[in-house]
Amino acid sequence: MSEAPTPPAAVRPTSRRRHLWLLPALFLVAVFAGLFIFVTANRNNMPQAAAAPPPDNEPPPREKHLHPAPELDGGSGWLNTAGPVKLKDLRGKIVVLDFWTFCCINCIHTLPDLAKLEKKYANQIVVIGVHSAKFDAEKDSENIRKAVLRYEISHPVVNDAHMNIWNAYEASSWPTLILIDPEGNLVARGSGEGLYEALDQHIARLVKEGREKKTLNEKPIKFELARFSESAASPLFFPGKVLADEASKRLFISDSTHHRIVITTLDGKKIAVAGDGQSGATDGPFEKARFNDPQGLALDGDTLYVADRKNNLIRALDLKAQTVKTVAGTGEQGEDRDSEGPALKESLNSPWALTLHDGMLYIAMAGFHQIWKMDLKQGTAGPYAGTGSETRRDGSLTSASFAQPSGLTTDGKTLFTTDSETSSVRAVPLDGKGKVTTIVGQGLFDFGDVDGTGEAVRLQHALGLVYHDGKLYVADTYNSKIKVIDPEKRSSTTFIGGEAAGWLGTPVFREPGGISYANGKLYVADTNAHRIRVVDLKTKAVSTLNLQGVEAPKPVP
Numbered sequence: 000m001s002e003a004p005t006p007p008a009a010v011r012p013t014s015r016r017r018h019l020w021l022l023p024a025l026f027l028v029a030v031f032a033g034l035f036i037f038v039t040a041n042r043n044n045m046p047q048a049a050a051a052p053p054p055d056n057e058p059p060p061r062e063k064h065l066h067p068a069p070e071l072d073g074g075s076g077w078l079n080t081a082g083p084v085k086l087k088d089l090r091g092k093i094v095v096l097d098f099w100t101f102c103c104i105n106c107i108h109t110l111p112d113l114a115k116l117e118k119k120y121a122n123q124i125v126v127i128g129v130h131s132a133k134f135d136a137e138k139d140s141e142n143i144r145k146a147v148l149r150y151e152i153s154h155p156v157v158n159d160a161h162m163n164i165w166n167a168y169e170a171s172s173w174p175t176l177i178l179i180d181p182e183g184n185l186v187a188r189g190s191g192e193g194l195y196e197a198l199d200q201h202i203a204r205l206v207k208e209g210r211e212k213k214t215l216n217e218k219p220i221k222f223e224l225a226r227f228s229e230s231a232a233s234p235l236f237f238p239g240k241v242l243a244d245e246a247s248k249r250l251f252i253s254d255s256t257h258h259r260i261v262i263t264t265l266d267g268k269k270i271a272v273a274g275d276g277q278s279g280a281t282d283g284p285f286e287k288a289r290f291n292d293p294q295g296l297a298l299d300g301d302t303l304y305v306a307d308r309k310n311n312l313i314r315a316l317d318l319k320a321q322t323v324k325t326v327a328g329t330g331e332q333g334e335d336r337d338s339e340g341p342a343l344k345e346s347l348n349s350p351w352a353l354t355l356h357d358g359m360l361y362i363a364m365a366g367f368h369q370i371w372k373m374d375l376k377q378g379t380a381g382p383y384a385g386t387g388s389e390t391r392r393d394g395s396l397t398s399a400s401f402a403q404p405s406g407l408t409t410d411g412k413t414l415f416t417t418d419s420e421t422s423s424v425r426a427v428p429l430d431g432k433g434k435v436t437t438i439v440g441q442g443l444f445d446f447g448d449v450d451g452t453g454e455a456v457r458l459q460h461a462l463g464l465v466y467h468d469g470k471l472y473v474a475d476t477y478n479s480k481i482k483v484i485d486p487e488k489r490s491s492t493t494f495i496g497g498e499a500a501g502w503l504g505t506p507v508f509r510e511p512g513g514i515s516y517a518n519g520k521l522y523v524a525d526t527n528a529h530r531i532r533v534v535d536l537k538t539k540a541v542s543t544l545n546l547q548g549v550e551a552p553k554p555v556p
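Going by numbering that gives the first Met the number 0, the letters in the sequence shown line up with residues 0 to 556, in that order.
A portion of the hints provided could be inaccurate.
Label pairs and their in silico Cβ distance ranges [what the hints assert, rightly or not]: (1) 207 - 543: 53 to 61 Å; (2) 169 - 207: 23 to 31 Å; (3) 433 - 220: 55 to 63 Å; (4) 245 - 153: 19 to 27 Å; (5) 282 - 447: 51 to 59 Å; (6) 207 - 118: 13 to 21 Å; (7) 210 - 551: 38 to 46 Å; (8) 266 - 87: 52 to 60 Å; (9) 245 - 395: 30 to 38 Å; (10) 118 - 167: 48 to 56 Å; (11) 118 - 554: 14 to 22 Å; (12) 493 - 245: 33 to 41 Å.
Subject to a maximum C-alpha distance of 35 Å in a straight line, what follows is the list of computed DSBU-like cross-link-like pairs (lysine-lysine) [claimed, not checked]: (13) 268 - 218; (14) 488 - 138; (15) 553 - 470; (16) 268 - 287; (17) 269 - 520; (18) 119 - 324; (19) 520 - 324; (20) 269 - 470; (21) 553 - 537; (22) 553 - 488; (23) 269 - 221; (24) 319 - 376; (25) 85 - 213; (26) 319 - 344; (27) 269 - 213; (28) 269 - 87; (29) 372 - 213.
Hints listed in this document are in silico derivations from the structure and should not be mistaken for laboratory results. Positions of the beta carbon are idealized from the N, C-alpha and C atoms, including for glycine.
Using the sequences and the accompanying hints, generate a full structural model.
Spelled out as structure tokens, the structure:
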């Protein structure tokens with residue numbers, strides 16, 4: 000969970016999965032005649048307010064004095080619907096408000112729970128996403144539209160760019176979930192991820208009450224979902240990561256929202272495709288295998304390791320036999336960030352990036368805010384660095400903290416990671432003895448687009464980086480730039496991007512998420528543009544890789 004202040008600039012303490020459920024009270028309103036008290040309790044820690052959380056097998060009691068839900072006014076635009084949605088037009092429906100921001104890993108983890116509830120209660124509930132941005136780039140409606148498509152969201156979303164709705168509902172953390180009954184009253188709220196069971200129990204009770212009172216409208220409402228107009232122009236769909244291998248002259252692309260791995264030559268000629276284009280967790284031949292939002296890649300000879308992000312798995316591709324097998328993870332999202340043991344018995348949590356060194360596979364475990372290590376020979380996995388607390392804290396491997404690490408690279412002595420939620424680049428010693436340090440950047444709410452040195456540098460949710468010739472080339476994702484960082488001098492300068500190019504004013508990059516190097520060129524996963532860009536390091540000339548023989552997956556009938 001991520002806490003935000005009003006205005007949105009403050010400290011974000013960490014919470015674990017299945018964090019909290021707030022009893023169905025929302026505001027401190029009038030004393031005596033309906034006093035509502037916030038009650039916040041963490042199942043992994045001591046209760047933080049006057050009352051203990053409800054038992055797991057029983058939803059919290061509903062308040063006798065209810066408060067009407069504020070209207071959803073003050074947004075900067077709506078997505079996944081033909082126009083603004085008014086709560087007064089949803090009378091008779093149970094409404095779930097999801098206050099989120101698309102950078103936040105806890106918010107991303109909540110989306111499958113909401114989709115499950117939408118399916119289970121298709122005729123009874125309406126989910127509305129209230130996108131209240133943390134980062135500047137997240138305030139743009141087009142960027143939110145891309146996130147809606149990338150995360151396959153099927154409910155209306157309002158762009159709450161000025162935090163008007165956030166403030167009206169007194170939200171304080173991402174994600175916050177609020178329930179509104181069929182009569183338009185606030186009945187419950189929760190913060191953090193892992194709240195499916197509590198929401199399910201609340202909704203089931205509201206359905207029962209609504210039927211008894213004859214206030215429940217069980218006719219489904221259909222909304223006009225976002226359209227993806229660029230699909231015909233590229234065979235890729237939000238590629239998250241890319242890996243260029245100079246020795247074998249191969250390029251590996253995580254075609255993330257197509258749920259597959261595309262393998263080509265360095266000049267874009269198709270070699271193979273692993274995955275049939277449908278989400279799943281199926282091992283076997285390339286053409287039958289399935290992934291779910293694959294991200295980070297690491298190559299060991301003819302074995303390609305893949306961070307299968309939504310599946311919480313590490314997959315191994317045998318490039319000669321063209322087969323896929325699972326080598327780490329149980330398929331369940333992990334909760335124990337301290338566990339270490341056989342890799343196939345360890346539950347992972349949104350593995351986002353990979354790198355190899357000396358027989359060890361290092362994993363940026365974004366959901367745990369840690370760096371993990373897998374011993375490929377022994378088949379074991381566990382945490383390598385980080386307490387799991389979501390913040391920037393330098394120190395020993397066991398005392399340091401990260402905030403959603405999302406990129407990894409190495410010079411052979413040090414791991415470097417893009418610590419995305421602190422918009423920083425961190426250094427992690429490989430000898431197991433040294434200290435984690437920050438090269439550039441500062442804290443959870445210190446972001447922007449400023450070149451310089453050390454803590455004066457400002458990045459914006461950087462997701463990828465690659466080491467080459469003493470320098471780090473960083474995909475500064477939300478600034479849509481490539482930065483070059485000298486880890487010794489702790490300096491950061493803009494290498495390319497940001498500016499418009501051509502008479503149409505087309506940006507060079509659109510939220511690049513991955514970057515790799517081979518033969519004097521950078522290969523960039525230009526995620527929101529659905530393409531791979533190639534940058535000549537000497538001339539800075541930028542071109543789009545022409546993918547030859549690669550086609551988009553055929554849609555399911």
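Outcome of the hint check:
{"no.": "1", "hint": "207 - 543: 53 to 61 Å", "result": "holds (56 Å)"}
{"no.": "2", "hint": "169 - 207: 23 to 31 Å", "result": "holds (28 Å)"}
{"no.": "3", "hint": "433 - 220: 55 to 63 Å", "result": "holds (57 Å)"}
{"no.": "4", "hint": "245 - 153: 19 to 27 Å", "result": "violated (42 Å)"}
{"no.": "5", "hint": "282 - 447: 51 to 59 Å", "result": "violated (44 Å)"}
{"no.": "6", "hint": "207 - 118: 13 to 21 Å", "result": "holds (19 Å)"}
{"no.": "7", "hint": "210 - 551: 38 to 46 Å", "result": "holds (44 Å)"}
{"no.": "8", "hint": "266 - 87: 52 to 60 Å", "result": "holds (58 Å)"}
{"no.": "9", "hint": "245 - 395: 30 to 38 Å", "result": "holds (35 Å)"}
{"no.": "10", "hint": "118 - 167: 48 to 56 Å", "result": "violated (29 Å)"}
{"no.": "11", "hint": "118 - 554: 14 to 22 Å", "result": "holds (20 Å)"}
{"no.": "12", "hint": "493 - 245: 33 to 41 Å", "result": "violated (26 Å)"}
{"no.": "13", "hint": "268 - 218", "result": "violated (50 Å)"}
{"no.": "14", "hint": "488 - 138", "result": "holds (33 Å)"}
{"no.": "15", "hint": "553 - 470", "result": "violated (41 Å)"}
{"no.": "16", "hint": "268 - 287", "result": "holds (22 Å)"}
{"no.": "17", "hint": "269 - 520", "result": "holds (19 Å)"}
{"no.": "18", "hint": "119 - 324", "result": "holds (32 Å)"}
{"no.": "19", "hint": "520 - 324", "result": "holds (31 Å)"}
{"no.": "20", "hint": "269 - 470", "result": "holds (31 Å)"}
{"no.": "21", "hint": "553 - 537", "result": "violated (39 Å)"}
{"no.": "22", "hint": "553 - 488", "result": "violated (49 Å)"}
{"no.": "23", "hint": "269 - 221", "result": "violated (40 Å)"}
{"no.": "24", "hint": "319 - 376", "result": "holds (20 Å)"}
{"no.": "25", "hint": "85 - 213", "result": "holds (21 Å)"}
{"no.": "26", "hint": "319 - 344", "result": "holds (27 Å)"}
{"no.": "27", "hint": "269 - 213", "result": "violated (59 Å)"}
{"no.": "28", "hint": "269 - 87", "result": "violated (53 Å)"}
{"no.": "29", "hint": "372 - 213", "result": "violated (56 Å)"}
Checked against the numbered hints above, the structure breaks hints 4, 5, 10, 12, 13, 15, 21, 22, 23, 27, 28, 29 and satisfies the rest.
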